[in-house]
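S.K.: The residues making up each chain are set out below.
Protein chains: 2
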Amino acid sequence: MVSKKMLSEYARLAVKIGVNVQKGQPLLINGPVEAFEFIRECVKVAYEAGASEVWVDYRDNNLQRMSFEHVETETLKEIPSWAIDRIKYRIDKKYCVLHVISDDPDLLEGIDSQKVFEVQMANMKASNQFQYYTMNNIGQWSIVAYPNRKWAKKVFPELSEDEAYDRLWDAIMSTSRVSEDGDVTKAWDEHNREVKVHSEKLNEFNFKSLHFENSLGTDLKVGLIRNHIWEGGADKTQGGVTFNPNIPTEEVFTMPDCYHIDGTVVSTKPLSYNGKLIDEFKLTFKDGKVIEYSAKTNEDVLKNMLDTDDGSRSLGEVALISYDSPISNSNILFYNTLFDENASCHLALGKCYPTNVKGGSDMTSEELHKLGGNDSMIHVDFMFGSRDMSVTGTTYDDKEVVVFADGNFVF
Amino acid sequence: MVSKKMLSEYARLAVKIGVNVQKGQPLLINGPVEAFEFIRECVKVAYEAGASEVWVDYRDNNLQRMSFEHVETETLKEIPSWAIDRIKYRIDKKYCVLHVISDDPDLLEGIDSQKVFEVQMANMKASNQFQYYTMNNIGQWSIVAYPNRKWAKKVFPELSEDEAYDRLWDAIMSTSRVSEDGDVTKAWDEHNREVKVHSEKLNEFNFKSLHFENSLGTDLKVGLIRNHIWEGGADKTQGGVTFNPNIPTEEVFTMPDCYHIDGTVVSTKPLSYNGKLIDEFKLTFKDGKVIEYSAKTNEDVLKNMLDTDDGSRSLGEVALISYDSPISNSNILFYNTLFDENASCHLALGKCYPTNVKGGSDMTSEELHKLGGNDSMIHVDFMFGSRDMSVTGTTYDDKEVVVFADGNFVF
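Chains as they are written, first to last, in our numbering: chain A, 13 to 423; chain B, 13 to 423.
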């Protein structure tokens, strides 16, 4: 467990720098019951910042697992209309949202994948509007992590449960730039400036496509949408409020052209999806769609993911992170995308962020899709960066520019 | 903290004996975040008993206090329509309800009473249908307690917070008949049989009224509704499912005639209402209505309570408990009605239980009210039993029968 001081500093990071709740704005916090003391701190910070109201939705991984074990699929799939109205209400009231995640990477191991898939589909359909609300930066949102013992033991299997839990706390704090004596606001200001150097440079190049290659078998050409924007670090809502959607974050990312992705990509880290770990998987794309796939573990979960809808076989995000980056150098495999995606170049299957193209937030999903912006109910990042990754950009006048050599940015 | 074994025995008591969830029935649990381990146990027991689905609504006293400190009254009073639809949904689905209470008796001390009153009014109006659902025994419901440190320290101010917490656990376990080696099912079967002896005897007498007197100034005549029923211990839903609404419980209770209550009643224990303690209070009734009142502390809270609606100045329940009863003999003042009402004769301001009169569950509130069954949004028990309480019953043929002498049942 971290000190009270660290915990309240972390709450300040989550609420002031992460979601950046505004005076008079309501805040929704989703969080695990075990984190109630941290969440109390977050609520306190939010009221001090002038939040008009704070609502907390608590959840419990254990109850979720039990419900999958005992409740019939049809019952789990039934989303009552009040739950949909609640989502609409929160959108209308312009809530900002803080997600406190605390996943167990193997939470649903042993549960029928088809059951999990069907229930997740029902939930995604119900929360479609909320996905639109956040992915279009209408309201601020942020994701921070809170450790739990099962997750900790997965990350540090050689340690006792208590030691592992403390180590995971340390890892979360250090990657999130929270320290006993440091100034978290200053640390995040500096960090966001550093990230911006890469995104600005990439925006100047205005590449038509990127070519990824490494010795593991990745050989993938990803077209970029015309007028794409590289983003990274702090983001802005449509109304101009700065927020940090991911804590921690190291990536710069943009929008692929979902009709022009060809070749093969090989994963380099396991992916926890719907409570199960998909590991050692490979995807082959043709004209923007996955036409072949395989995985060493939980291939059926990968299959279900790819079969979600029309857009789940194409890409909505491409992100660059140097192999030599702080989270990567910690040599910790977190089994959690919030962290692992910041240690590795990654792609996301599914929906694009409309903010990654000029004017994207003003387009309908159909308009965006026509231009090459992928649409889907899912948005699932997976990691494929490696020590020997090379990335070459091609400009609109067919010049080739080396972006990555030996796993790292060359500029 | 109690042992894991005790905790799981307590969960079994709450779910199997308290709310008695049926095979194929959904269960709603309201509980405090601090109790998440106990609630997990309850959910486990519920699924083992065949519950179709278990939903948990977590709450946090600290967040409630903060919202009263920081959120405007108008915002707190606004109940979104989805919240009302959620109540309807749960009634339609025939949820049974387990309330895990863990109050801080002074939670809202220092908060403007008018603000608390207005917010509570709005909440009561919104949950009116649910009150009807439970008070008419349409679905099973039960209340159990979970300790917290502030409550514990209030009960045992001379102990350290940790010691007080452990002592409160012990007190809850022993009054609820949960022990390391005992059989909780057997203990409750026996206890319910004992309680029934008194209620059956009182039903035979079929009193027209009861006269309460003691040296503290109580001199109150409470008419009883014609065809009243004394109840106590286990109860039954309209569909015939047995459940125990209160854990613990020692009382037998019935329905006053809300037009025939006259005289003065003096409280003998403080009453925690809306997060504040009303203490040393006195009520004078005429023709069934409170016409005078006073309190040494928080008189404004008492005033607001009495002013809630038309029925909040009359009585909905009269309950008899021997002064020489287990909870009373523990000499612990719990500052919590779930416990304190079982140590003392008590009355409830507000709505009656329709099950306390023959055919009551089939009557509308208006029909019931005509006969003398009080109607209100509130139902607030308060304690007035004492060591020297005498209770005399008057039968329909004007015979007087001594029911209590020196604080105890004479039969």
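Hints may contain errors.
Because identical chains cannot be distinguished in the list, a pair is counted as satisfied if it fits within a single copy or across any two copies.
Derived PhoX-like pairs (lysine-lysine); straight-line CA-CA distance at most 25 Å [to be verified]:
{"#": "1", "residue 1": "LYS127", "residue 2": "LYS370"}
{"#": "2", "residue 1": "LYS308", "residue 2": "LYS16"}
{"#": "3", "residue 1": "LYS16", "residue 2": "LYS233"}
{"#": "4", "residue 1": "LYS370", "residue 2": "LYS56"}
{"#": "5", "residue 1": "LYS28", "residue 2": "LYS106"}
{"#": "6", "residue 1": "LYS165", "residue 2": "LYS89"}
{"#": "7", "residue 1": "LYS106", "residue 2": "LYS89"}
{"#": "8", "residue 1": "LYS56", "residue 2": "LYS162"}
{"#": "9", "residue 1": "LYS105", "residue 2": "LYS127"}
{"#": "10", "residue 1": "LYS294", "residue 2": "LYS208"}
{"#": "11", "residue 1": "LYS220", "residue 2": "LYS56"}
{"#": "12", "residue 1": "LYS165", "residue 2": "LYS56"}
{"#": "13", "residue 1": "LYS35", "residue 2": "LYS89"}
{"#": "14", "residue 1": "LYS127", "residue 2": "LYS35"}
{"#": "15", "residue 1": "LYS56", "residue 2": "LYS127"}
FYI, nobody ran anything at the bench for these hints, they're computed from the structure.
S.K.: If a hint holds in the structure, say so; if it doesn't, say that too.
M.R.: These are the hints, each one checked on the structure:
1. In this homomeric assembly, LYS127 and LYS370 never come within 25 Å of each other (Cα to Cα): the closest approach is 39 Å inside a single copy and 48 Å across copies.
2. Within a single copy, LYS308 and LYS16 get their C-alpha atoms no closer than 42 Å, and across copies no closer than 40 Å, so neither meets the 25 Å cut-off.
3. Neither within a single protomer nor between protomers do LYS16 and LYS233 lie at most 25 Å apart by alpha-carbon distance, with minima of 48 Å and 57 Å respectively.
4. With identical chains, the CA atoms of LYS370 and LYS56 are never at most 25 Å apart, being 37 Å at best within one copy and 51 Å at best between copies.
5. In this assembly of identical chains, the alpha carbons of LYS28 and LYS106 lie at most 25 Å apart only when taken from the same copy (17 Å versus 43 Å across copies).
6. Taking the closest pair of Cα atoms, LYS165 and LYS89 never come within 25 Å of each other, the shortest separation being 31 Å inside a single copy and 45 Å across copies.
7. In the homo-oligomer, the alpha carbons of LYS106 and LYS89 lie at most 25 Å apart only across protomers (19 Å), although the nearest pairing inside one protomer, at 27 Å, exceeds that limit.
8. Within a single copy, LYS56 and LYS162 get their C-alpha atoms only as close as 28 Å, which misses the 25 Å cut-off; across copies the closest is 19 Å, which meets it.
9. Proximity of LYS105 to LYS127 under the C-alpha cut-off of 25 Å is restricted to the inter-copy arrangement: shortest distance 23 Å between copies versus 34 Å within a copy.
10. For the homomeric pair LYS294 and LYS208, neither the shortest alpha-carbon distance inside one copy (31 Å) nor that between copies (70 Å) is at most 25 Å.
11. Proximity of LYS220 and LYS56 under a CA criterion of 25 Å is satisfied in neither setting, with 47 Å inside one chain copy and 55 Å between copies.
12. For a Cα distance limit of 25 Å, the shortest separation of LYS165 from LYS56 across copies, 24 Å, qualifies, whereas the shortest one inside one copy, 31 Å, does not.
13. Taking the shortest alpha-carbon separations for LYS35 and LYS89, only the inter-copy value of 20 Å comes in at or below 25 Å, while the best intra-copy value is 37 Å.
14. In this assembly of identical chains, LYS127 and LYS35 lie within 25 Å of each other by CA distance solely across copies; the values are 22 Å between and 42 Å within a copy.
15. In this assembly of identical chains, LYS56 and LYS127 lie within 25 Å of each other by CA distance solely across copies; the values are 20 Å between and 39 Å within a copy.
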